[in-house]
Amino acid sequence: MRALARVRDWLDERLDWAALIAPLRHKTVPIHRLSYWYFLGGITLFLFLIQVGTGILLLLYYRASANEAFESVQYIMTRVQFGWLIRSIHSWSANLMIFTAFAHMFSVLFLRAYRKPRELTWISGMLLLFLTLGFGFSGYLLPWNTLAFFATKVGTEITGQVPVIGKWLMVFLRGGEEVTGATLTRFFGFHVAVLPGIVTLLIAVHLALVQRFGISVPPGVEAEWKASPGAARQMKFFPGFFLRELMAWYIALGVLGALAAILPWELGTKADPFAPAPAGIRPEWYFMFMFQTLKKIPARIWFVDGELLGILAFGAAGLVWLLLPFFDNLGRGRGRRMILGAGIFALAYMAVMTVYGYVAK
Amino acid sequence: MDMWRNKRLRVLLWLILGMPLAGAWGQAPNSCLDCHSVLDAPLQVTPEQFSRDVHSQKGLDCASCHGGDPKKTDMEAMAKGAGFRGKIQRSQIPGLCGHCHSDGAYMRQFNPSLRTDQLSQYVTSVHGKLLAKGDVKVAVCTDCHGVHDLRAPRNAQSKVYPLNIAQTCARCHANAAYMKGHAIPTDQFAKYSASVHHEALAVRGDLSAPTCTTCHGNHGAAPPGVGSVQNVCSTCHVFQDQMFEKSTHKAAFQAASLPGCIVCHSNHDISHPTDAKLGTGPQSVCSQCHTPGDDCDQATKEMLSGLTRLNGAIQEADRILGVAESSGMEVSEARLEEDQAHDSLTKARVTIHSFRKDLVEQDIEAGLKIAAKNVQAGKDALKERDYRRMGLGFSLVAIAAVVLGLWLYIRKTEQTA
Chain F
1 MRALARVRDW LDERLDWAAL IAPLRHKTVP IHRLSYWYFL GGITLFLFLI QVGTGILLLL
61 YYRASANEAF ESVQYIMTRV QFGWLIRSIH SWSANLMIFT AFAHMFSVLF LRAYRKPREL
121 TWISGMLLLF LTLGFGFSGY LLPWNTLAFF ATKVGTEITG QVPVIGKWLM VFLRGGEEVT
181 GATLTRFFGF HVAVLPGIVT LLIAVHLALV QRFGISVPPG VEAEWKASPG AARQMKFFPG
241 FFLRELMAWY IALGVLGALA AILPWELGTK ADPFAPAPAG IRPEWYFMFM FQTLKKIPAR
301 IWFVDGELLG ILAFGAAGLV WLLLPFFDNL GRGRGRRMIL GAGIFALAYM AVMTVYGYVA
361 K
Chain A
362 MDMWRNKRLR VLLWLILGMP LAGAWGQAPN SCLDCHSVLD APLQVTPEQF SRDVHSQKGL
422 DCASCHGGDP KKTDMEAMAK GAGFRGKIQR SQIPGLCGHC HSDGAYMRQF NPSLRTDQLS
482 QYVTSVHGKL LAKGDVKVAV CTDCHGVHDL RAPRNAQSKV YPLNIAQTCA RCHANAAYMK
542 GHAIPTDQFA KYSASVHHEA LAVRGDLSAP TCTTCHGNHG AAPPGVGSVQ NVCSTCHVFQ
602 DQMFEKSTHK AAFQAASLPG CIVCHSNHDI SHPTDAKLGT GPQSVCSQCH TPGDDCDQAT
662 KEMLSGLTRL NGAIQEADRI LGVAESSGME VSEARLEEDQ AHDSLTKARV TIHSFRKDLV
722 EQDIEAGLKI AAKNVQAGKD ALKERDYRRM GLGFSLVAIA AVVLGLWLYI RKTEQTA
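In order, the protein sequences belong to chains F and A. Reading the first sequence from the start, the letters are residues 1 to 361 in our numbering. Reading the second sequence from the start, the letters are residues 362 to 778 in our numbering.
Calculated from the structure, these hints are not laboratory results. Note that the structure is predicted; figures quoted are calculated from it, not measured. Check the hints yourself; a few may be wrong.
If you only want the chain A side, here are some residues facing chain F, beta carbon under 8 Å, derived [claimed, not checked]:
no.	residue
1	E437
2	S687
3	L743
4	D747
5	R750
6	V764
Derived DEER-like restraints, expressed as beta-carbon distance ranges [to be verified]:
no.	chain 1	residue 1	chain 2	residue 2	range
7	F	F130	A	R750	30 to 40 Å
8	A	S687	F	V352	29 to 39 Å
9	A	L765	F	V7	53 to 63 Å
10	A	D747	F	V52	55 to 65 Å
11	F	A103	A	R750	43 to 53 Å
12	F	I344	A	S756	47 to 57 Å
13	F	V352	A	L757	27 to 37 Å
Note that CB positions come from ideal geometry on N, CA and C, so glycine has one too.
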């Protein structure tokens, strides 16, 4: 123990450690009936860390070429000690991370935590959500199985519909006109180098902004606290909230382990680019609402191509969502009501279209 | 109205009014079609119909078969002096078609790979022989290929396209009234329609599957003789033929003048063979000749028992691998080997045609080994599944203990504070 104290003193002398962690020591978290929503951001961060850890382990055996990708994942699943566990946790954690990221975004929206001065926190969070979807899209192809191959073909075809830059974007993503080994190499590059780099940087920005502005209190609770100042309660981040967050992380780890052991992520069959597309090709669940919309949209709406209109609508919706905090102050509470309505509509629309996508033939 | 029903009057009106107009529009004159397009069947030939004919598409016209001069715009077109032959007699049709189709040098300009032995084959066929004897009811070229809208055999609408051949033959051979006087049955088409060959061709769309002409020949159509049945079947069923050659049945069948394969499998109504054809059960074909309890009967019982054992072992492996798969275990390698076990079973079923216990046993043993390996792979996968679940149980207990410990610690520190 004495040695440890000496090391701490040595570091403190050089880095002024105490001053560095002082903001964290003084950081507090508001306590009220909706406090449990604050855990979602931390759980998403934990799942991201799981992704980084399991991803690095998978890299030890994975080979990113059309000839070897499937076999290397098969090898990981059957021959590598605990390879099945690492790969299944990586796949399950990816899906749970996207789910908790969406849940975090909606919780921030409904608790109106995006309000001034936290607009930049919201924007950095939204960018992280988009990049998380990019992680999902690029990682889905890597096992090079039939479903992933054709889903990527359909997905990149949709990007080809984007006006002006669509064709260029599709060729850029595919590394050519078709989905081939070149696409796999590209997606691998995005998945393990480009996206992790940008996401790590953005997480740092996001956390710094959270630290800078503190944790938002919902307007309703804020009003109650203003009416009776004695009701306002705060909890120290260290150790109170941190230990509770740690409990949530452990529970998330248990859920991940259970999913991986009871429902290991399946591998499917190796992709054959020359085979016809199997019936019922579907994207991953988090793209289903968009896919189903584009599938059901009429071929032409007035004189515009229906699919193109759908893509433009989703693009516009994404941009509006990114800039949502700036609409909050419109009118006398009109903007706030509009955002609340849009949030409820978006949640209902995504849920209904996702379920519809799975049950529709 | 009666005036319009008069065929001669319609032709005359067309000659006076229609043809000059057609000429004025710049169309190539074909006085045959001009008139025959307005006639009733069987004399009717419309320009649309003739334009679909492969001969028309290659530049031949009416005069190529019927003589005359279609460029003449009056009855001169059918002048004897222009070589007009009129309606071709059925007995003359093979010779007329063969005039071009037997001429290699002439046919080469249209299709260098087209055979030119149709006529020489036809004269050896039952159809050709009967026609030579004056039986004009038998099939001639136009009965199978059509006339005036004749399509190339690779055209799906051709009467001799693989999917249409059985129907084309059945037009005569399934017509009891038409076939009266010919001492052959008329149930071939009905039987064939229920056969495994028809299923392969018509249901599964395998155009290489057998139809009438595959076994009987086309231009030289005749029933295969007793001695040639095995040769006919072996054009597709090569390995069964090789095994049958090794068997004692080969000599026995020859001695008894039995027609090879069809003794057990029948001819037109060949059903999907099952293991039950072997042995002494009600579906057994062996009991047609063998008496219960003889040496051969014992051998077939053992061979049947081997097939049943292998089939059972494959099904057991399939079941246990299915359970492992539904538990999320990765058993694709065992699944791949399962195909090899199925191949061994198929091979054993082919080897049955040798009627040699030792050879069949070799295939069955090979298959049983693979099936046993697959059963073991399935059991190992299930063991691994249980091991994982046990590991999960321990991990969850450990995680629960940590969570509980954290909760107690938080409570304690907050109570103290």
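Verification of the supplied hints:
no. : hint                           : in the structure
1   : E437                           : violated (59 Å)
2   : S687                           : violated (11 Å)
3   : L743                           : violated (13 Å)
4   : D747                           : violated (11 Å)
5   : R750                           : holds (6 Å)
6   : V764                           : holds (5 Å)
7   : F:F130 with A:R750: 30 to 40 Å : holds (38 Å)
8   : A:S687 with F:V352: 29 to 39 Å : holds (30 Å)
9   : A:L765 with F:V7: 53 to 63 Å   : violated (32 Å)
10  : A:D747 with F:V52: 55 to 65 Å  : violated (31 Å)
11  : F:A103 with A:R750: 43 to 53 Å : violated (29 Å)
12  : F:I344 with A:S756: 47 to 57 Å : violated (39 Å)
13  : F:V352 with A:L757: 27 to 37 Å : holds (35 Å)
The structure does not agree with the numbered hints 1, 2, 3, 4, 9, 10, 11 and 12 stated previously, though it agrees with the rest.
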